[in-house]
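Visitor: If you want the building blocks of each chain, they are given just below.
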Amino acid sequence: MAMVERQEKREQGRDRRRFLLDAARTACGVALFGVGLGLYGHRAAEANPPHALRPPGALPERRFLAACLRCGQCVRACPYHTLRLARPEEPVATGTPYFVAREIPCELCENRPCIRSCPSGALAPTLTDIYQARMGLAVLIDHETCLNFLGLRCDVCYRSCPLLDRAITLDAEHNRRSGKHTLFLPVVHSKYCTGCGKCEKACVLDRAAIKVVPRGLAKGELGHHYRLGWEEKAKAGHSLIPEQLDLPDRLPDLLPSSLAEGKP
Amino acid sequence: MSRAISSAEQVAARRGWLGRHGWLLWRRITQLAVLACFLAGPWAGVWLLRGDMAASRLLDAVPLTDPLVILQSLAAGHLPGTTALVGVVIVSGFYLLVGGRSYCAWVCPVNMVTDLAAWIRRRLGIEDGARLARACRYWLLALVLGLAAATHTVIWELVNPVTMVSRGLLFGMGAGWWLVVAVFCLDLLVAGRGWCGHLCPVGGCFSVLGLASPLRVRAAGRHRCTNCQACFTVCPEPQVIGPALRGASAGRSPVITSPNCTNCGRCIDVCPERVFAFGSRFAAPQPETESNSIRMEELRR
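Chains as they are written, first to last, in the working numbering: chain A, 3 to 266; chain B, 32 to 332.
Chain A extracted, bound-state conformation (with noise of 0.2 Å):
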């Protein structure tokens, strides 16, 4: 009787041993596959490769890994093809629209079909106005190959901006190479760039000295404490602090006069 019983427990016993060490084997096995898993898709979302623009109304990218079905309906409605989906391969993460200004920039139809094509609002259908879409920022990046940096007037970045005059400038500078011309600065202004990226498609050289890059690339940030003094006393109407004495400018008496005389 006894002996029956403890074969029992020994069999129990064996029977516990086993579905514990399956237990142990499977979470063992799914947690390591998650340790992979996880890291490979931390690494995607932080990848934001610069060249890699996210259509128009996208989220900021962090929510908009989160929201993102991976569907390709703003690419199938994208008129001109620009949009495509990351292959597995592409530092993009898998799956998620976007385009390569260089490539086709997008063309900022104002019906936007892609942002009205997409189930998930992961291109955000509050964007209502294509022109307040920013997708990237365009950025001058080249100063020593640009045609108008070099004194010519090609000015095709500009032309070809749809906002023009608006999201590019031309600045007119004097040309200290000549000594007798005029340089004209192509600058962008972020209040108004979309990074559409015409600009970067359409610059002349071989490889475009203006380029387009997601904006937290681009784009300082200043102290959130800074005021701008002059902004501020716009604003107010008046300055905002008293008014400074304005004292006669003139050098110690120590110095010696010939120096007082800007003479050498």
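Worth flagging that the hints you see were computed from the coordinates, not collected in a lab. Computed from a predicted structure; not experimentally measured. It is possible that some hints are incorrect.
[To be verified] Between beta-carbon pairs, the in silico distance windows are:
#: 1; chain 1: B; residue 1: 280; chain 2: A; residue 2: 29; range: 32 to 38 Å
#: 2; chain 1: B; residue 1: 160; chain 2: A; residue 2: 112; range: 22 to 28 Å
#: 3; chain 1: A; residue 1: 166; chain 2: B; residue 2: 110; range: 36 to 42 Å
#: 4; chain 1: A; residue 1: 50; chain 2: B; residue 2: 89; range: 30 to 36 Å
#: 5; chain 1: A; residue 1: 16; chain 2: B; residue 2: 308; range: 38 to 44 Å
#: 6; chain 1: A; residue 1: 82; chain 2: B; residue 2: 53; range: 33 to 39 Å
#: 7; chain 1: B; residue 1: 117; chain 2: A; residue 2: 15; range: 52 to 58 Å
#: 8; chain 1: B; residue 1: 180; chain 2: A; residue 2: 113; range: 34 to 40 Å
#: 9; chain 1: A; residue 1: 11; chain 2: B; residue 2: 177; range: 20 to 26 Å
#: 10; chain 1: B; residue 1: 110; chain 2: A; residue 2: 244; range: 49 to 55 Å
#: 11; chain 1: B; residue 1: 177; chain 2: A; residue 2: 82; range: 37 to 43 Å
#: 12; chain 1: B; residue 1: 258; chain 2: A; residue 2: 34; range: 57 to 63 Å
#: 13; chain 1: A; residue 1: 82; chain 2: B; residue 2: 313; range: 51 to 57 Å
#: 14; chain 1: A; residue 1: 127; chain 2: B; residue 2: 48; range: 49 to 55 Å
Every residue gets a Cβ at the ideal spot worked out from N, C-alpha and C, and that includes glycine.
Please arrange chain B on chain A, whose structure you already have, making use of the hints.
Guide: Okay, now just chain B, sitting in the frame of chain A:
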């Protein structure tokens, strides 16, 4: 193996090739038709289904969305737009009725890859392999949702073979082919029915969805069963058959109630005694007392 062959010969003696492959043929037609509906757009400009198997629009009107993708998005902290939510209600409603894993057998393009691997395994008589727990898929399902919450991304879609294949065929496969090869090799060489039967969390999600679905395979003629094993040999989830087929003495229902059954109908095709048939979970006499506990048991397994 010899038993399987002899049973196959038995069926062959009674029915022609079509009779033995009827449901399989319908399944392949359906799978290819779904793909054709997607491909007709980019290939011929006829937009029947626009999008891919993660989310799409039928005839540019009816939204369809994969439930697991939406669950990941929710876990990642995004409330999807109305269109996506309507799509997931439509898809979930459909599979609640026809059985969650009908998706696996009738729609999913990976099924053709893993079925091919299983067929080669049977033909070559490869029987050994790694022992994986069938419950792995639920662990992976939980893991995927947990990681989606932790990384704030729809993380499974980075590697999900199911959407990767449909997306790849429609938008360019790239290195996605290697994933297909990996799944094929896993099923052929590492573990029989490894992907669809043990690991795939998309299938796991659809299993949960199909817990109570009314459309089921019934072992209505189980008194005719000769124990030839033909159904067990071809079934992608053979553990689901036993309780229904052999549970008569225990008073169990002849309905295959396990949510892991993919409603593929292979058992119906191959059974020489025509034991199985599609039917409803509710019709005919059924001692329902134990069915719930069996179902939970299957789920756990």
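Visitor: Now look at each hint and say whether the structure bears it out.
Guide: Each hint, compared with the structure:
1. B/280 <-> A/29: 32 to 38 Å: For residue 280 of chain B and residue 29 of chain A the Cβ distance comes to about 36 Å; the hint holds.
2. B/160 <-> A/112: 22 to 28 Å: violated, 58 Å
3. A/166 <-> B/110: 36 to 42 Å: holds, 39 Å
4. A/50 <-> B/89: 30 to 36 Å: holds, 35 Å
5. A/16 <-> B/308: 38 to 44 Å: Roughly 41 Å apart at Cβ, these two residues keep to the hinted range, so it holds.
6. A/82 <-> B/53: 33 to 39 Å: violated, 47 Å
7. B/117 <-> A/15: 52 to 58 Å: holds, 54 Å
8. B/180 <-> A/113: 34 to 40 Å: Because 36 Å falls inside the window, the suggested range holds.
9. A/11 <-> B/177: 20 to 26 Å: Violated: the Cβ-Cβ distance is about 38 Å, outside 20 to 26 Å.
10. B/110 <-> A/244: 49 to 55 Å: holds, 53 Å
11. B/177 <-> A/82: 37 to 43 Å: This hint holds: roughly 40 Å between Cβ atoms.
12. B/258 <-> A/34: 57 to 63 Å: With a Cβ separation near 40 Å, residue 258 of chain B and residue 34 of chain A fall outside 57 to 63 Å, so the hint is violated.
13. A/82 <-> B/313: 51 to 57 Å: For residue 313 of chain B against residue 82 of chain A, whose Cβ atoms are near 54 Å apart, the range 51 to 57 Å holds.
14. A/127 <-> B/48: 49 to 55 Å: holds, 53 Å
Hint compliance for this structure: hints 2, 6, 9 and 12 are not met, and every other hint is.
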